[in-house]
Each structure stands twice: as C-alpha cells, then as structure tokens.
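Peer 1: Next come the chains, spelled out residue by residue.
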Amino acid sequence: MKNIIVIARKELLDALRDRRTMLMVFVITLLGMPFMMVVLSESANRYETQIEKKQIWVAGMGNAPILQNYVERQGYTVREAPADYEQQLQTKNLIDPVLVIDPDFQDKLAVGERPAVYIVMDVANQDSQAGVRPLRALLQGFNMEAAGLNLAMRGVSPDILNVVEVRERHLSRSADSGAQLKSALSLMLMLTMVSAGLYAAIDTSAGERERGSLEPLMMTPVSSWEFTTGKWMAVGSLTMLVVVFSVLSIFPASWLVRNETVRIMMQFSVTELMLMILVLLPLGLAITAVQIAIAINGKSHKEAQARCTVLVVAAPLVSMVGLFKQGADPVWFKWVPLLGQNQLMGKILNNEVVSSADMLMPVLSCALITFAALWYVSRKLRTVLM
Amino acid sequence: MIRVENLSKQFSRASNSFWKREQNEIVQAVTNVSFTAADGQITGLLGANGAGKTTSLRMIAALLKQDSGQILVDGVAVHAGEQRTQAQMGVLSDARGLYPRLSARENIVYYGLLHGMTREQANGRVDQLAEILDLKKFIERRCDGFSQGEKMKTALARALVHDPRNIILDEPTNGLDVVATRALREFLRWLRSEQGGSKCIIFSTHIMQEVERLCDQVVVIAHGATVAQGTVLQLLEQTQENDFENAFVKLAFEPAHRDAA
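Residue numbers (the working numbering), protein chains in the order written: chain R, 1 to 386; chain E, 1 to 261.
Derived by calculation from the structure, the hints in this document are not laboratory data.
One should not assume that every hint holds.
Coverage of chain E stretches by chain R, computed from C-beta distances (three or more under 8 angstroms per stretch; other residues unrestricted) [said to hold, decoys possible]:
#, stretch
1, 62 to 72
2, 77 to 86
3, 101 to 112
4, 151 to 161
Cβ atoms here follow ideal geometry from the backbone N, Cα and C, with glycine treated the same way.
Here chain E stands alone, though its shape is the one from the complex (with noise of 0.2 angstroms):
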C-alpha cells in the first residue's frame, strides 16, 4: 500500500545568463497532492501534461526529495536517495533505457541480480515474464534496434522481475500497439487478483480510455495538486457527465467543480 500525505516540490530553474546575476525562477511543479493506494487495486493518475503526475511519482521511487509531505509504502517513511522502500517497488518511470549492447534478457537478469535475486531465479523469472508479456520472439536478442513496443515490454520486465508488491508505471502505454495495450491490460488486472499477488498498482497516464477500462480508483491531478478520487462512476456522478473525457475535463480545468469535489 503507498500513502502520500499533502505531497509538494518546486524547482528552481536557474537562470539562462552565465554573466548576470539573476533571480532562479522557481517552479511550482507539486503543490499538494495526497492519495492512498491500496493493494489489490490499480490507482490511475489522471491529469494533463504538467500537472505533476511524474514529479510525483518520482517522488514515490525515492528519486526526488519533497520539499513537505509524507510518502509511506507498506508503512515505511520513503526518503529520497535511501534504498530502504526501493526492494518493495517496481517502477517504470520516463527514462527506460537499456543497454543497447545487451540482450533483453541479460538487462532483465541484470536487475533482478540487482534486487539481490541469484541468477537461476532471476532466468526462472525472465522466462515467466516472456511468457506473459510477449516477450519471447526477442528475449535473446541484443537491445539495439528494438521497436518502441519491444523497448517498453522489456523495460516493464526489467521493472517487475523482483516481483514488488508495489508496482508504479508511468504512462506505460506508450508506444504500444493496440495488441500490446490490451495484453498490458490483462497482465495489470493478473497482477491486481490474488492469483497475481494482489499487488498494489499506481499507473500514471493521460489516456480517458485506459482509465476507465483499468482502474479502481481514479486520482485526478491538475496544476500540481490531487483535485478529485474516487472510481469512474462516483466522477462521473460528481461531475454530473456521462462521459469520462467531459469529466475530466470539468474536474481538471474548471476551478467550480474542482472546488465542490
């Protein structure tokens, strides 16, 4: 389960002068975002582009301090730059690179070596995840010159092969095609039930669709703050719309239904 507690973080954007000395502009990216994620749910981060959803999330991962706020994942304090909460999280962030001259089962092994796996079960793992996501045709193949979709699938691997309890993907969709959507899809809904592990999953996009085909509960964020939760039906209900999108919208964009939810 990740707690986050009046979450905010501002950056300061230094000056474009070498010569002059002038003000850091400061940039407001997280002013107070708070949701809860339980297990055995998939919580999507609904908001537009720049609203904060992966400052946050990078938060999460321990990769960037808070400036106030609280994140607790199974109870425990993270803090950015300790590795205590990192064993309990697989993450797919923005940057998902591999290692072009590695074969995508070696990148994947690599990491589960990492997460303190020994290499049979690391394979064993590899070999259960090719399964899954489809990975097989390329498992042995050196990463340099994958498709975006091979590249993705890969790099999710990589970020489930410990096998976390706590899963947090950003925009995972990206660069997937339909099939490749609809086969994340079902592994995400695998990983939610008991059979997968009832794992607790935080899943971060801009897509209306995927939301409402996916998740539990919804965490609507705009200009960096969590502006309305609760599941699809209960936004829908809130906003009065039949339509997500509309919703959406309404909640992100118009400060009167941002204020009543």
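With the rest of the complex left out, here is chain R (with noise of 0.2 angstroms):
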C-alpha cells in the first residue's frame, strides 16, 4: 500500500505540473458548464421573447387596413419589412417571418374573392420558423372574426364554424426545454469524465514508455499491479475532481443564466448534486483505467492520443442510443457504462427517487470493466519491454 501512495502521489505531482493536462482541466471546469448554461438559457430566451414579443413584419400592410385594425387590436405592432427582406432572412438578418400582402388585398376582399397572404420564411433559418405558428395563429383569428361577422350579418351564428372548441393548454415549453437542458447537462458530464483524465492517462502509461521512464521503473522490486494501481488512482483521482467541479459549477453558472425557466431547472439540491457524484464516480474511475490500458499500447503520445480518439468518439455514440429508444428504457441498459449513468443522472434530474438497487447494476459493470482494465495494464507493463 505503501508503494501505492508513493506512486499515485508522484504522478498526481507530475500532472499538476503538466500544462496540457491543467489547461484541459481548467476549460473543462471553468468554462465548459458555465457556458453551456448560458447558451441554454439564451437559446430559450430568445424562443420565449419571439413569442412574448407581440410584432409582425409586413410588406404591403397599407393593402390591407382592415386586416392591420384586427392585427393592432390584438396588441401587435406592425413593422413594415424591409425591400429586401428575401435577403435578409436567408442572411438570417431578419428573425421574424414576413407577411406579404398583395395590392389587390381590400379590393378582392370587398366582392367576396379570397385574397392571398403569404407568409414567407426561409427554411435554414430557424428563427424564422419559429415565428410562423404565432402568425398563422393571428390569421387564423382574422379569418375567423370576418367569416362570423358575415355569418351573424345574415343571422347566422358564428359558432356553426366550430363543431368542436379546441383549447391549447401550453405546458410543454417550459418541459421541452428542461429535457433539452437536462440530458445536455447529463452529455456535458460524460463528456467532461472522457477528455478530463485523457493526457494525464496518456503520459502516466504511453509517456513513460516514449520517455524511457518505464524501463527503469519496472526495474525497482515493485510489482506491475502496484504501478498500475498508484497511475490509476492518480489519473482518477484528477477525472473526478474535474467531475465535482463541474457538478459544483453548477452553482455559480446558474447565475448567469437569465433565463427563468432554465433558472428554476437548475436549482439542485445539495444532496442531488452529491447524489450526481455518486453516480458518476464508478463511471469515472472506469473510464480513467480504460484509458490507461488504451494508451499502454502506444509507443508514443501521439499514437496513444489516436488511440484514445476511439474511446471519445464512442462515450457520445453510446450516450445517444438512449435517444433512440421508444418507451420505457430496456433493462441491459442498467449495465452499459454510460448508458446506466445516463439513466440515473436522468432519474436524479427529473427529481425521481434513485434506490441503492438502481445503483447497483451502474456501479458493478463499472467495478467489472475497472478491474479488467487494471489487470491488462499490469501485465502489459512489463510484457511491453520484452
């Protein structure tokens, strides 16, 4: 135990020193939670604003002044849009959709013709679609109030168009976004575990062998597993205080987010924040020994580094079966690393209660896929020099 310590506090030393592997810590932590909170809190504010905003841009709206009065009674302003507009919302200069009204608007409409508007947006630009259905909304108001005045006009009531009243109850914008927020949150953190540990993983295995520091080092009587033990407890000590500061940035990145909505997903409780930890930790210890035993076949940091590549290519991939899935979650899902952290990071987010049983299957392929690693690691450390 006592070579152990020895080793895993070396190394530890050696990747606080390393400028690569702090920069990579520092991004990770400082910025990388911070930031996507404040891009997930603009992003639905600026969904929020465009509806709440209450203005329509239109060209040709002097075609149409009985159609501006209902338009202006419903509490919108009207904007004239600019000559140019086909241009400008394909430059995505324009963020509103714009409604064309042709001269012949108020003319048609007066011997009973159906005039056409158009609602013209530009695909790619997605602000612009999501101003559409508000302003389809406001048309389909005017449609209605002209066709029930010319019903009750000849007598006729308004209510024969509407077989069945339809109401809108709208709960769901604020949920779509928390589900947006929480699996990214839940992304952020498997992203954060892979890269976190990546250069230190490569330097305490690949490293030493393209320094020339392994040879010597199995030279001295302390055993494979020792080494492989002391390197691993470094490397994951390092991905989970990464982990934990990112979980606790949370914190503080909830004050830059302006957004309300957003503002009131992110209020964690203590406890559920340590109950992330908890979840994450096994997950995090795997992946650092997954690392090491990767980057032991490398005889260089670059080729450990390509190597590893697989390994962050493949924690999103696996992340987002769970995406593809319908229904409820399969049971094997509970033993697929990151898929069964993802699960109950999910639970913990969605304030579900997570017992010790749900963690149990999570934390034992962990424990499995962990000592696998380890042990292929000591016996690679030494077979690499014969």
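Dock chain to chain to rebuild the complex, using the hints, since each chain is given by itself in its own frame.
Peer 2: Shown next as structure tokens:
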C-alpha cells in the first residue's frame, strides 16, 4: 500500500505540473458548464421573447387596412418589412417571418373573393420558423372574425363554424427546454469525464514508454500491480476532481442564467448534486482505467492519443443510444456504462427517487471494467518492454 | 556477485506486411554468454554494436526472459518480471528517461521510495550522491532542459540511490564530457573499494580506453557469445598484442583467435 501511495502521489504531482493536463482541467471545469448553461438559457430566452414580443413584419400592410386594424387590436405592432426581406431572411439579419400582402387584397375582399397572403420564411433560418406559428394563429383569428361577422350579418351564429371547441394549454414549453437542458447537462458531464484525465492517462502510460522511464521503473522491486493501481488512482482522482468541480460549478453557473425557466430547472439541492457525483464516480474511475489500458499500447503520446480518440468518439455515441429507443428504457441499459449513468442522471434531474438497487448494476459493471482494464495494464507494463 | 551461464535469447521480428502471412524473421541476439562478475571488481562487457551486450544486461536486470541459461545474483536465480533480485541491483540501462516536470532530486527520491527507503533516507542519500557525482548545481532544478551530461548523472544517481550491492551500467559514459567521465571513473573505483562497499560492478562499453583504465576483468562478447575473458593483460598476452584495441579486434572479429581463447 505504501508503494501505491508513493506512486499515486508522484503521478499526481507530475500531472498537476503538466500544462496540457491543467489546461484541459481548467477549460472544462471553469468554462464548460457555465458556457453550456448560458447558451441554453439564451436559446430558451430567444424562443420565449420571440413568442412574447408581439410584433410582426409585413410587406404591403397599406394594402390591407382591415387586417391591420385586426392585428393592432390584438396588441401586435406592425412593422414594415424592408424591401430586401428575402435576402435578409436568408442571411439571418431578419429573424422573424414576413407577411406579404398583395396590392389587390382589399378589392378582392370587397367583392367576396379570397385574397392570398404569404408567410415568407427561410427553412434554414430556424428563428424565422419559430415565428410562423403565432403569425398563422393571428391570421386564423382574422379569418374567424371576418367570417363570423359575415355570418352574423346573415343571421347565422358564428359558432356553426366551430363544431368542436379546441383549447390549448401550454405545458410543453418549459418541460421541453427542461428535457433538452437535462440531457445536455448529462452529456456534458459524460464528455467531461472522458476528456478530463485523458492527457494524464496517456502521460502515465505511453508517456513513460516514450521518455524511456518505464524500463527503469520496472527494475525496482515494486510489482506491476502496485504501479498500475497507483497510476490509476492518480489519474482517477484527477478525473473525479474535474467531475466534482463541474457538478459544483452548476451553482455559480446558474447565476449567469437569465432565463427564468432554465434557472428554476437548475436549482438542485446539495443532496442531488452529491448523488450525481456518486453516480459518476464509478464511471469516472472505469473510464480512467480503460484510458490507461488503451494508451499503454502506444509507443508515443501521439500514438496513444490516436488510440484514445476512439473512446472520446464512442462515449457520446453510447450516450446517444438512449435517444433512439422508444418507450421505457430496456433493462440492459443499466449494465452499459454511460447508458446506465445517463439513466440515473435523468432520474436525479427529474427529481425521481434513486434507490440503491438502481445504483448496483451500473456500479457493478463499472467495477468489472475497471478490474479488467487494470489487470490488462499490469500485465502489459512489463511485456511491452520484452 | 553475478553469475551468468550459457545465456541465449532470440527475438522474432514480425513481418512487415499485415495482409500476407509471412514467416516472422528470427534474430538470434544472444547465443552463449557466460561470465562471473565478482564482488569488489569492475567487470567490463566489451563488444561491438549489436554484439548482444544490452540484451544480456536486460536479462540480468530481469526485464527480458532468457530462452536458456541461468543468471544468479548473489546466489538467487533471476526470473524475468519478478522483483526478487531487483532490490539488490542498481541498473543504468540505455533507457534513461527522467520525469521532465520533476526536479532531479524528486526523480531520485522517487526511486529511493520505490526501493523501500524512507523520505529522509532517500533525501540524505541524494545529498551524498549529489556531492560525489557533482549534481549540486542542478539538483533542485526540473529535468526539462537538462544537458545530456546532467541527465546521465541524474539517471546514474537514480540507479544508485538505494546503495545496491550489484551495479549494472550500460554505456554510462555516453554523453559525458572528459571531466565528468573522469569523475565517474573515480566514483566507480571508490564503489569497488572496501570503503565504497566492495560492489560488484558490470560495465558495458565499446570504448577501449575505458576498459583499459577501469576494468579488473574484461568479458569480450561477439556475435552474441562470450569469446574471451580475463584481465586486460591476459587478453593482450593471449592475442600477443601491445595495443588493447588490436587485441579486441582480433578476439571479436577473427575466428582463429576466438577459438584459441
């Protein structure tokens, strides 16, 4: 045990003095989480303000005074669209759809014809798409009012047009941005774990080979198992340190969030944060062990980095498997690292109860992977020299 | 004391092509190396490049498994990958990597701790070695940017930090200037003496002057086998040469002399 601590201490000291490792750690912990939250909050904000701002862009409003009257009565401000609105929509200078009214609108309406109006937007301009629905609803309202008046003048109740009364209750918006935020948060933490200790893992294995320091190490009376465990402990604690900081950075990051809905979503209790860390801990340690196991086969940093890229790419892909399933999660999800943790994180973020039985399977599979990876590394440490 | 008997080792070099199943190339690195390195003596392993010196030393250091033969360190058989004999050995191999982000002292102390010393003991030993090997100027500096000589001295101190009874040095003067080489020679002589602990020192080199000036016993290795052994004088007599370089060339490259030896 004394040897393991000596090795872990040295490896940790070495990693803390490594600029590349520390840059990775600081960038991820200090910037990653706050950046993600600000981006999400801003996108939620934009969506909400677009719906709430009650403003429409129209080309040719003067052609339809009756429509203008209706629109303004609904509390909307009418703004004259610029002449080059098509180009502005394409270049995303204009983020709302434009309503285009033909010059003969009023004449056609007067003789009982149906004048056409156009909602112009660019499919590639996502913001303009978001504004289509309120605009369509506004026009629908106008249609209903005009038709209703026509019918009323002929002594028919306007209700005849509405066989069914449809009412909308909006629950989805806050829940939607919440779900998006939660999966993004979970994915962010997984990515953090995969990348946080990567350089340290490579340096402690392939780095030793490249420097030529593995051979002298193997000539000391310390077993390969002790070396492996010490190295794993050092890199693992670095990874976990990053994860803990990332999770805790949710607190200060939520100050940067301007969107109310998102801010409410991010109000986690200390217990929830601790639970998140507890869920991620075994995964972080397993990932570290696998990283070292992959990197030990590399003769240089460069080679090991190329090998480890597989892991960096695979991790988000595995997490995404969960997105493609339909209905409830299958049981085998619990056994797959990343998927199992993703599932548990989802539960914690949704304020569901996480039992120790839920934790058992992911912890067990992580422990098995860790052990297998460490066993492989301890065997390899000597054989790569032979 | 280190005894090496009939050591042999072959490597199989993988074929270059991934798709074609070709026969792996077999390289016989060591065919028959035998010698005894006594305590209180400096034994020089002398051989041309690729003669099998480094492979033999790696087997003695338990890094490589021999195909046949036996190695005894202080009477204990060496098995590759096992640590039994390593506590009694200080090895400066051709891989001399230091940790660039640690200071020379931290590098050496780390090995001391791995050899079971306490931090105080290791630090005390570092001070002692710093004095002898002239490391004081850079002992507290990080190894990143060390000159070849500074690296070599640090690696040497690291190999000797636990004061081993048996010392194996693979071409230790590589990269050292004249003054440092002299200092190293003096140090090795001191280690051989009773005050220095009568160490058993094996020293591999291909530099004749070093062998002439330093070694009590010379083992000439050629083509993976021991072709001659004895003191410098004995080898000169055997080859009837006055110049040791000529004697070595005769022993290593002329079969008639090898057979006579």
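Peer 1: Now, for every hint given, state plainly whether the structure supports it.
Peer 2: Quick rundown of the hints versus the structure:
1. Counting residues of the stretch 62 to 72 of chain E whose CB lies closer than 8 angstroms to any CB of chain R gives 4, so the stated coverage by that chain holds, three being the minimum.
2. Interface restraint, the stretch 77 to 86 of chain E with chain R: holds (5 residues with C-beta to C-beta distance below 8 angstroms; minimum three).
3. Check on the stretch 101 to 112 of chain E: 5 of its residues sit with their Cβ under 8 angstroms from a Cβ of chain R, so the three-residue criterion for coverage holds.
4. By the rule of at least three residues with a Cβ nearer than 8 angstroms to a Cβ of chain R, the coverage given for the stretch 151 to 161 of chain E holds, with 3 such residues.
In summary, this structure violates none of the numbered hints.
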